[in-house]
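Asks: In the order they appear, the protein sequences are chains D and R. For what it's worth, the working numbering labels the leading residue of the first sequence as 1, then goes sequentially. For what it's worth, the working numbering labels the leading residue of the second sequence as 1, then goes sequentially.
In short, the hints are calculated from the structure, not lab data. Possibly wrong hints are sitting among the right ones.
[Stated by the list, open to error] Below, in silico cross-link-like pairs of lysine-lysine (BS3-like), each with a Cα-Cα straight-line distance of 30 Å or less: (1) R:K160 - R:K21; (2) D:K205 - R:K21; (3) D:K203 - R:K370; (4) R:K351 - D:K203; (5) D:K205 - R:K381; (6) R:K117 - D:K203.
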Amino acid sequence: MHYIGIDIGSTAAKVTVFDNEKIMDNFTLPTGWSSVETSRIIKNRLEDSGIEVEKSKVVATGYGRISVPYAEKTITEISCHGEGVKYLLGEDVTIVDIGGQDTKIITLENGRVTDFIMNDKCAAGTGKFLELMANTLGVDIKELTDMALEGRDISITSMCTVFAESEVISLIGQGTDRSSISRGIINSITGRVNSLLHKQVRKDKVFLTGGLCEMESFILLLSQKVGVKVETHKLARYAGSIGAAILAGNLE
Amino acid sequence: MRPKVMEEVESLRGINSVKIKEAHEEGKKIVGMYCVFSPSEIALAADAISVTLCGTSQDPIEEAEKTLPRNLCPLIKSSYGFAVTDKCPYFYFSDVLLAETTCDGKKKMYELMGEIKPMHIMNLPQTANDEDSLEFWEKEMVKFKNFLENQFSLEITDEKLSDAIKLMNRERKALRELHSLNSHKPAPLSGMDMMLAQWLKGFNVDKEAGISIIEKLIQETKDNVSKGLFAFDESAPRILLTGTPIGVGSEKVLRALEEAGASVVALENCTGYKGLDVLVDESKDPITALAEKYLSTPCSCMTDNNGRLDLIGRLCEEYKVDGVVDLTWQACHTYNIESYTVKKYVQEQLKLPFMQVETDYSDSDTGQVKVRAEAFVETLKI
């Protein structure tokens with residue numbers, strides 16, 4: 001039996017396939033402009049690799065979760081991330097999920113989600129913010145986080161992405177070096193995460209999920225801000241889809 | 001199953017907007033109010049009609065933002081927007097307005113609104129715990145009484161006050177009984193219907209007619225309970241909704257919770273149970289009794305506001321609540337700050353899951369509100 005978890009986020013779609021108890025495949029693709037189209041591409045790709053989607057159990061999560069017609073159930077990314085991290089780590093942690101359009105802090109206690117908080121309706125402190133700022137600086141996100149390590153510890157204080165962009169442009173105008181601007185951009189995200197973390201019952205361990213978990217420089221800077229070593233896992237990007245696949249296994 | 005009387009309750013919206021016009025044409029005086037601190041008894045004792053004024057819809061906010069800052073709570077912007085656009089029949093037909101110095105945003109907005117119609121502002125103490133507060137608030141009751149006597153050229157007698165107190169107590173008792181029906185597990189009424197029935201009371205031009213519809217609704221709901229007909233099944237997680245007031249147009253969080261499968265069984269807010277908990281003491285001097293009742297309102301404008309925690313605790317037990325949701329409007333400092341205190345109390349003392357949702361009246365964050373509501377319900381279900 002195949003259990004499939006599909007996590008359609010605002011930027012990337014992540015898919016995990018379990019063959020009974022074992023992860024068989026993880027893949028990711030850009031969400032693009034249509035979640036319905038993305039879910040169709042995912043289905044084709046699964047079937048090309050010999051998986052009978054109609055005979056499998058499918059759970060969809062993420063913002064595009066309602067656009068997966070072949071999913072048996074939709075579950076929010078909060079529960080799925082909790083389940084996925086429980087699988088990857090097997091211990092209670094506080095999860096920081098920096099997604100494309102929002103940032104979530106999730107508390108796991110006895111393997112269950114007991115509390116969560118999301119940033120308010122605004123792109124500040126999210127992956128989308130980072131993407132826009134990287135564009136402004138003419139680099140990609142990886143380069144931005146690496147440059148940030150070298151930069152001076154300046155701050156970008158605007159709470160709003162649009163205003164923050166103006167702030168970055170004025171820093172460029174003043175001749176501030178790109179590394180320091182990058183540092184300021186990362187500081188605004190890690191600062192936002194840090195204040196969200198304080199509103200929550202915090203476990204000793206902080207675990208990062210989402211696309212940024214592959215950026216070592218970012219994890220280093222986030223650890224400095226939060227005051228503990230932030231942990232992650234090579235599959236942390238797939239925490240949501242892994243959780244969805246596990247929950248698909250619980251459906252029967 | 002939805003009680004049939006709910007259709008009658010819903011039709012009150014149309015009926016009342018016609019009745020207010022008729023009352024005005026008959027020469028009846030109308031006092032418009034906004035807040036659960038407003039002593040409607042004093043207006044009724046002046047043979048006037050007391051009505052709640054509109055402030056729960058996004059529609060007039062754009063107009064309000066021509067004058068007010070954008071970064072202000074939607075309730076204040078909506079109230080002011082309705083006033084300047086004349087889209088609220090109750091505002092339009094009000095002869096005088098009653099306002100209170102509750103939060104800073106309202107207080108300063110009322111200065112602008114007072115230019116549109118005659119307005120009396122009651123000066124609300126900032127704490128209910130100080131001995132002097134009650135005496136001060138009693139004097140404010142007398143000032144409002146004097147204001148109406150002057151405006152309408154009449155005398156408000158103690159006898160009239162006592163009659164009004166009895167009438168409003170009867171309305172409170174009926175609404176309280178209605179609210180308490182949802183302490184039954186499973187709940188016989190959806191939170192959406194409960195909100196509607198509770199919220200619409202403020203617009204009742206004819207108080208007696210309003211009470212009798214609520215009594216009919218109670219009867220039908222009780223019949224449903226005895227037949228085993230409920231709004232949700234036993235497995236639906238039971239939620240207490242606290243925080244800022246809601247009405248039609250600002251109910252999106254309540255709606256999202258119930259669409260996610262929760263049963264919102266208790267509404268601990270100004271438009272719900274908060275004003276019903278304490279009756280006016282009919283055996284005391286009417287002004288003293290009114291001052292005592294209204295000062296006991298557990299509002300976030302007060303420091304401290306531990307009465308709110310007590311009420312939440314009591315309702316959680318009585319209604320067998322599984323989780324608490326605190327709704328706060330953007331830029332509402334008092335509720336947003338107090339949410340931290342409420343969270344600590346709910347999680348540490350009551351040992352219940354808690355979620356705060358901060359939003360406004362617009363649809364721009366419907367997706368995010370939905371995720372929060374669904375995720376919260378998921379954590380309660382597992």
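Asks: For every hint, state whether the structure bears it out.
Replies: Here's how the hints hold up against the structure:
For the hint linking K160 of chain R to K21 of chain R, the alpha-carbon distance of about 25 Å falls within 30 Å, and the restraint holds. For the proposed pair K205 of chain D and K21 of chain R, the alpha carbon gap of about 64 Å is over 30 Å, so the pair is violated. Straight-line distance between C-alpha atoms of K203 of chain D and K370 of chain R comes to about 27 Å, which keeps the hinted pair within the 30 Å bound. Using a Cα cut-off of 30 Å, the hinted pair K351 of chain R and K203 of chain D holds, with the two alpha carbons roughly 18 Å apart.
Restraint check: the Cα-Cα separation between K205 of chain D and K381 of chain R comes to about 26 Å, which is no more than 30 Å; the hinted pair holds. Between K117 of chain R and K203 of chain D, the direct Cα distance comes to roughly 55 Å. Violation of the 30 Å bound is thereby established for this hinted pair.
Hint compliance for this structure: hints 2 and 6 are broken, all remaining hints hold.
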